[in-house]
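Peer 1: Sequence:
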Amino acid sequence: MAFASVSQAQAQSQAGSDTSDLEPLLARLVDASLSEAVELIPQLETQGGRGILPLFTAMFDNSLAVDPESMTFYRLAEDNSATPVYPPADASNDEAVQLLPTAADELERIRVSNRLRVLLRDAIARIRLFEGDAEERSIAAAELLSQMGEDTVLLLREALASEEDAEVREVLEVGIAMNVLVSDAPDEERLQVVPTLHGRLEAPVRNLLNSLLDPNGRNEQNPEVRAAIEEANAAIDTRIRFYGFIEELFYGLSLGSVLLLAAIGLAVTFGVMGVINMAHGEMLMLGAYTTYVVQLVMPGFITYSLWVAIPAAFLVSASVGILIQRYVIRYLHGRPLETLLATFGISLILQQTVRTIFSPLNRMVVSPEWMSGTIQINPVLAITNNRLFILIFSLIVFFALMMILRKTSLGLQVRAVSQNRNMAKAMGIRTDRVDALTFGLGSGIAGIAGVALSQLTNVGPNLGQSYIIDSFMVVVFGGVGNLFGTLVGAFSLGVSNKFLEPAVGAVLAKIITLVFIIVFIQFRPKGLFPQKGRAAE
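When we follow my numbering, the leftmost residue of the sequence shown carries the number 1, and every step to the right adds one.
Watch out, some of these pointers could steer you wrong.
[As the list claims (entries may be wrong)] Calculated lysine-lysine pairs in the DSBU-like style (CA-CA distance at most 30 Å, straight line):
1. K526 / K407
2. K510 / K498
3. K526 / K425
4. K526 / K510
5. K425 / K407
6. K526 / K498
[Claimed, not checked] So the derived label-pair ranges between C-beta atoms look like this:
7. S81 / R326: 48 to 56 Å
8. L410 / F344: 23 to 31 Å
9. M403 / L341: 51 to 59 Å
10. I377 / E131: 23 to 31 Å
11. A234 / V30: 53 to 61 Å
12. L160 / F301: 45 to 53 Å
13. I375 / E78: 19 to 27 Å
14. E78 / L412: 56 to 64 Å
15. I375 / R126: 27 to 35 Å
No wet-lab data here; the hints were simulated from the structure. Heads up, the beta-carbon is just placed ideally off N, CA and C, and yes, glycines get one too.
Turn these sequences into a full structure, and let the hints guide you.
Peer 2: As structure tokens, then:
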């Protein structure tokens with residue numbers, strides 16, 4: 001039975017004589033014992049070169065199998081599918097590289113021992129180091145930093161002699177310096193290589209330097225070498241603290257972006273209409289549940305579901321907001337206490353409705369592939385894609401809202417009503433219509449915030465309650481009705497929370513922030529950026 005997507009004749013024509021040279025070795029590998037396989041790995045590396053790399057990688061991961069009839073080797077996946085890794089397939093042929101629905105028990109697995117894995121690891125590193133592109137060579141050199149020994153030094157020096165890329169050369173020099181530092185070389189030579197390790201953030205470098213300063217470790221005895229190592233270690237610690245600060249700042253901005261999305265809708269309704277909407281958090285919840293429903297409707301299109309969920313969440317939350325304004329809030333104009341109680345009751349109704357429809361259990365929303373993973377900036381600093389996209393998305397929504405309020409007729413009417421409602425009504429502006437559209441706009445933006453929150457946490461009936469108080473704090477701190485103040489307030493509170501949490505804990509950090517805002521509004525009751533002119537009356 002043959003499972004190959006590419007025929008043996010095609011593979012031969014693609015691989016040329018190299019494949020035919022490897023055929024006897026690969027045939028022996030299929031039937032070889034573990035001890036015999038140890039002898040075959042160096043020969044396969046010599047004959048196969050870069051073309052044997054996918055096979056070695058699959059074998060190292062203990063996922064290599066073979067179809068004995070076609071002598072095609074496969075990488076087995078967890079879902080019981082298989083991808084051909086040798087003979088090399090034509091990358092332009094989609095059929096040749098697609099996952100095959102091959103049952104794992106229909107292929108013959110290649111066994112791997114610990115000794116084989118060591119040989120494979122070294123062979124993979126050598127192939128990448130000498131035959132890979134710049135990125136592969138850099139990764140291979142970094143992997144060798146944790147391997148000490150004469151063979152490693154010889155390999156690194158050989159690679160350095162022919163390496164032209166500056167970044168790769170730098171990593172190779174670091175590896176050589178590490179090996180020299182722990183060798184029996186003269187102290188003068190060891191002292192000369194220490195500056196190469198200054199400020200290096202790779203974990204093997206930090207571990208080596210710490211072990212040389214540890215009395216229970218290697219414990220460097222030479223005073224001059226030890227002083228140089230301490231200086232290099234101090235430089236590394238300084239850089240780690242700096243990048244730790246950058247990481248905390250990013251997470252603070254990420255939290256601030258969520259607060260911004262949650263608060264700008266509230267800033268519009270609270271600033272224009274003077275309505276304290278306690279159901280604003282439930283608009284976030286509706287947006288998050290809309291995202292969940294969209295994914296249920298589009299199970300095979302998770303990558304695109306988020307682009308459908310954003311307008312859908314806006315429409316759902318905006319529609320509910322308009323209904324609330326038209327049938328409840330419009331009859332309570334000028335009565336803030338009754339409005340607060342009414343919207344609090346509406347929030348409870350919405351929560352219970354969601355519990356009835358979806359159950360009280362939290363629901364998980366799957367993040368699209370393009371929002372998953374991290375961007376590794378250096379060995380100690382990584383930025384998660386979902387938080388980065390949400391930060392960018394919040395700024396896009398903020399500036400889009402600014403453009404709507406400044407460049408459209410609705411924005412002109414909103415500003416007129418917020419400055420002088422009676423005069424706007426006298427000029428022919430339908431204030432009831434403006435109120436409904438404004439409330440719908442603010443609620444719709446909260447729904448979009450719910451879409452963003454669904455990518456960071458599970459979706460549940462109480463989702464909005466976690467952000468309603470923070471949203472009010474952002475609006476009051478920044479200045480009621482001032483969108484720029486909302487932007488500054490959201491990011492300020494987000495960053496301050498993230499820097500306080502490691503020191504005092506999450507609960508105490510929130511208490512300190514709340515006390516600060518209470519004290520702040522005693523001195524500036526209109527916030528950081530109070531409205532001016534008629535809007536401030």
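Peer 1: Compare the structure with each hint and give your call.
Peer 2: Here is how each hint holds up against the structure:
1. For the proposed pair K526 and K407, the alpha carbon gap of about 26 Å is at most 30 Å, so the pair holds.
2. With a C-alpha separation of about 10 Å, the suggested pair K510 and K498 falls inside the 30 Å cut-off, and the hint holds.
3. A hinted pair counts as satisfied when its Cα atoms are at most 30 Å apart, and K526 with K425 qualifies at roughly 26 Å.
4. Between K526 and K510 the CA atoms are separated by roughly 22 Å; this keeps the pair inside 30 Å, and the hint holds.
5. Taking the CA atoms of K425 and K407, the gap is about 21 Å. The hint holds against a cut of 30 Å.
6. As the CA atoms of K526 and K498 are separated by approximately 25 Å, the hinted pair is consistent with the 30 Å bound.
7. Here the CB-CB span from S81 to R326 is close to 54 Å, well matched to the stated 48 to 56 Å.
8. As the Cβ distance of L410 to F344 is approximately 28 Å, the hint placing it in 23 to 31 Å holds.
9. The given range of 51 to 59 Å is broken by M403 and L341, whose C-beta atoms sit roughly 35 Å from each other.
10. Roughly 27 Å separates the CB atoms of I377 and E131, a value that falls within the hinted 23 to 31 Å.
11. For the pair A234 and V30, the supplied restraint of 53 to 61 Å holds, since their beta-carbon distance comes to about 55 Å.
12. With their beta carbons about 49 Å apart, L160 and F301 fall inside the hinted range of 45 to 53 Å.
13. Our hint of 19 to 27 Å for I375 and E78 holds, since their Cβ atoms are close to 26 Å apart.
14. At about 58 Å, the beta-carbon gap between E78 and L412 stays in the expected band of 56 to 64 Å.
15. The hinted window of 27 to 35 Å between I375 and R126 holds, with their beta carbons roughly 29 Å apart.
Hint check: a violation occurs at hint 9 only; the rest are consistent with the structure.
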